[in-house]
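> Listed here are the chains, written in short residue letters.
2 protein chains.
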Amino acid sequence: MLTVPLCSSLCSRLFFCSCPSSRSLPKVVKRRVNALKNLQVKCAHIEAKFYEEVHELERKYAALYQPLFDKRSDIVKAAYEPTDEECEWKADEEEELTVSKQDEMKEKAKLEEEKKDEEKEDPKGIPEFWLTVFKNVDLLSDMLQEHDEPILKHLQDIKVKFSDPGQPMSFTLEFHFEPNDFFTNTVLTKTYKMRSEPDESDPFSFDGPEIMSCTGCTIDWTKGKNVTLKTIKKKQKHKGRGTVRTVTKTVPNDSFFNFFTPPEVPENGELDEDSEAVLAADFEIGHFIRERIVPRAVLYFTGEAIEDDDDDYDEEGEEADDEEGEEEADEENDADYDPKV
Amino acid sequence: MLTVPLCSSLCSRLFFCSCPSSRSLPKVVKRRVNALKNLQVKCAHIEAKFYEEVHELERKYAALYQPLFDKRSDIVKAAYEPTDEECEWKADEEEELTVSKQDEMKEKAKLEEEKKDEEKEDPKGIPEFWLTVFKNVDLLSDMLQEHDEPILKHLQDIKVKFSDPGQPMSFTLEFHFEPNDFFTNTVLTKTYKMRSEPDESDPFSFDGPEIMSCTGCTIDWTKGKNVTLKTIKKKQKHKGRGTVRTVTKTVPNDSFFNFFTPPEVPENGELDEDSEAVLAADFEIGHFIRERIVPRAVLYFTGEAIEDDDDDYDEEGEEADDEEGEEEADEENDADYDPKV
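Chains A and B, in that order, are what the protein sequence lines are.
Using the UniProt record's numbering, count along the first sequence one by one with no gaps and you end on 341.
Using the UniProt record's numbering, count along the second sequence one by one with no gaps and you end on 341.
Keep in mind that the hints were calculated from the coordinates and are not lab data.
Because the structure is a prediction, the values reported are computed rather than measured.
Warning: the hint list may mix true and false statements.
[Claimed, not checked] Taking lysine to any residue and the SDA-like style, the derived pairs with C-alpha atoms no more than 20 angstroms apart in a straight line are:
(1) A/K223 with A/N185
(2) A/K90 with B/P26
(3) A/K49 with A/S205
(4) A/K230 with A/T218
(5) B/K42 with A/F69
(6) A/K110 with A/E128
(7) B/K60 with A/E58
(8) B/K108 with A/L25
(9) B/K124 with A/L39
(10) A/K27 with B/W89
(11) B/K49 with A/K27
(12) A/K124 with A/F69
(13) A/K193 with A/K110
(14) B/K90 with A/V33
(15) A/K159 with A/K27
(16) B/K71 with B/E128
(17) A/K71 with A/S205
(18) A/K42 with B/E88
(19) A/K225 with A/K193
(20) A/K27 with B/G125
(21) A/K27 with B/C87
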C-alpha cells in the first residue's frame, strides 16, 4: 500500500541552517538561491495537490478492495463457507513434497489423532482471527493485556474509512465486535486527522500527509467489565486514634482499550513528555493498522508478513529487557490518616 | 514525494512459515485460511493496478513540476536572472533580527569586505550548484573522487523522465552537462527498470514497484580524460636474464562516473556478492536522486534538507572508520618475467 510518512516528532520544526557554504556565498549568488527557494515553495504546493489526488486514488481503491475484505470478514465470522475451489492453495502441496518418509508417517499419525478431536469440535469460521493477528505483531501485542484477550476474541473485523472529498483529510479505523458481555457498542472507532498542506511558516517541512491528531470514542462498558479501570484498596491508620480504615480508589488500568481514549492535543499544541510519547506511538500504530494490518491481515495471522517486516530490519545486538514496575496513582492524602500502614 | 519501496535484497524470496499456529489449526479452519490467502492474491493484483495509477499521477505531476525545474536550471546556468521580487526571502530578515549588536557590526564589516571582492568577480548563475549538492549528501559524496569534481562543475541539471504509458515501468535520470573538455556527450543517462506486478510464484512479496535492474550509457571520453581508468606501471625482472622491463597496464579507477556502467544482471539472475552489493547501493542512489535530490535540490545545496533527513535517524553510537586499501588488478603473468622486482 502507499506509505504515508509520519511526522517524527509531534512538533517538528525545520531550523534554517547557518551552513557556512550558504552564508559565504556572494550576494548576487545568494539572491539567486533565494529565487530557487521561492520556486521550491511553489513545488511544495503542487506536491500537496499531488497527495490530494493520491488520497482520491486510495479512496477509489478502498472501494475495490472492500468486496474482498467483506468476504474475508464473512469467512472469519462463519457467515460464509468458502467452496473447495476457493480453498485450493498450492503451497500446501509443496510443503508435503519436502517432508521425509519418517516425518510423513509421524505427520499422518498426528493428523489422524487431530481428526478424531476435530470430529468432536466444530470450529466456526476462523476463531480468534484478529486476536491472533494482534498477538503475532509486536507493535500490537505490546498494547495487549491478559484481561483484553477475552474481549478481543469478539473482534470480527477492522475497516478503514476515508474522509469524503472536500473534507479535511482523515481516516477512521472501525473495530467491529460481535455482541459480547463487555460493552454494548458494535463498533469502536479511532479517527486520525492529517495535515495535507505545507505549513506556511515552514513550507519545506512538508513531506506528504502526516497524522496530526486523533480522537477515539466512548465505550459503553457493561457494569464491572471496564478493563481500563481498576480498583485498589489501601489501608490507612488514623494518626491520632490508631484505628485502621480501608480506602477504595478507582485508578486507570493498562489495557488495549485505552487506545480509544488518546491524550488530547491542547489548543496551544503543547503536551507533556509522556503524552507526547503516547501519541507518537499511537500515530505509528494507527498508520500501521491502516497500511499493513487491514490490507494483509491473513499474512499476519499466519506469520508470513512478519518475516517480511523482519527482512526490513538488521540485527543490532541484544539489549536487556526493561523491567517495568506497576505504577499506581498517588493516594489522596487525608491529613488524619497515615497513608502507610 | 511518493516513497517507492526498494527491494531489500536483489533476490528477495518469501519463505512460507511453518508457524505452529497455522500448522496446528484444525483442517476445517486451515481450509478457510487458504481461502483468505486466495483473496489476498486478488488484493495483490488490485494493488498492482493501484500502483500503475499512482505512476500515471507521478507522470502527470512531473509535467507540472517541470516548468519550475526548468526555471531552476535557467537560474543555475545563468540563462535567466530572477527579478527582485522572485528573490525576496523572508528568513533572511528573520536571521538578521536574532543577531546581536556586536555580531551586527562584525557582519557589516565582513559584508563590506566581501562586496569589494565581489566587485572584482562576477559569478554567473549559481556556480557549482550540483557539485555542491553532491558534496553535501553523504550517499552521493561517498561516490565522489577528487578527479570527478572538475567534471561535475559542468553538471547543469538532473532531470527525471518516466516511461510512457503502456511501456514497462521505468524511470531515467538525465545528467545534463555544459560543453567541457572531458567528454562530448551533453547528457549522460541512467535508466532504472521496475517490477510493477506481483511475482506469480510469490505474490505476497509484492509491496509496490521495485527497482529490479538498471542500465547506463556510453561516455565518449576525450583522449586522456577518462577518469574511470588509470594506468599503472609495474617493473618486472626477467627470471633468466635479470633484465628489467616496465609494463603499463590500464585498470579500472574509482570514480563517480562508474555510475554509468553498472554491473549487468545475468539471465539466470545470479550475481557475485560484490556486484550484488554495488547494485543494491546503486538502486538506493537512483531512488534517492529521483525522490529527494531532483525535487528538492536547493534544500540540499543549502543543507536544510540534510537536517530533515538527519531527523529521521537516531544516534546509534560510533564506529571506527573502515580502512580501505587500494585494490590493484592482478598482473598478467609472463612466465619469463618475475612479477615482483
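> Now tell me, hint by hint, if it's right for this structure.
Status of the hints after comparison with the structure:
1. A/K223 with A/N185: Satisfied, since the Cα-Cα distance of roughly 14 angstroms is no more than 20 angstroms.
2. A/K90 with B/P26: 18 angstroms, holds
3. A/K49 with A/S205: 16 angstroms, holds
4. A/K230 with A/T218: The given pair, whose Cα atoms are some 18 angstroms apart, holds under the 20 angstroms limit.
5. B/K42 with A/F69: 11 angstroms, holds
6. A/K110 with A/E128: 23 angstroms, violated
7. B/K60 with A/E58: 17 angstroms, holds
8. B/K108 with A/L25: This hinted pair holds, its Cα atoms lying about 15 angstroms apart.
9. B/K124 with A/L39: 19 angstroms, holds
10. A/K27 with B/W89: 13 angstroms, holds
11. B/K49 with A/K27: 50 angstroms, violated
12. A/K124 with A/F69: 18 angstroms, holds
13. A/K193 with A/K110: 51 angstroms, violated
14. B/K90 with A/V33: 13 angstroms, holds
15. A/K159 with A/K27: 56 angstroms, violated
16. B/K71 with B/E128: 17 angstroms, holds
17. A/K71 with A/S205: 41 angstroms, violated
18. A/K42 with B/E88: 14 angstroms, holds
19. A/K225 with A/K193: 30 angstroms, violated
20. A/K27 with B/G125: Between A/K27 and B/G125 the Cα gap is close to 12 angstroms, so the pair holds against 20 angstroms.
21. A/K27 with B/C87: Given pair A/K27, B/C87 holds - Cα atoms ~11 angstroms apart, limit 20 angstroms.
Checked against the numbered hints given earlier, this structure breaks hints 6, 11, 13, 15, 17, 19; the rest are met.
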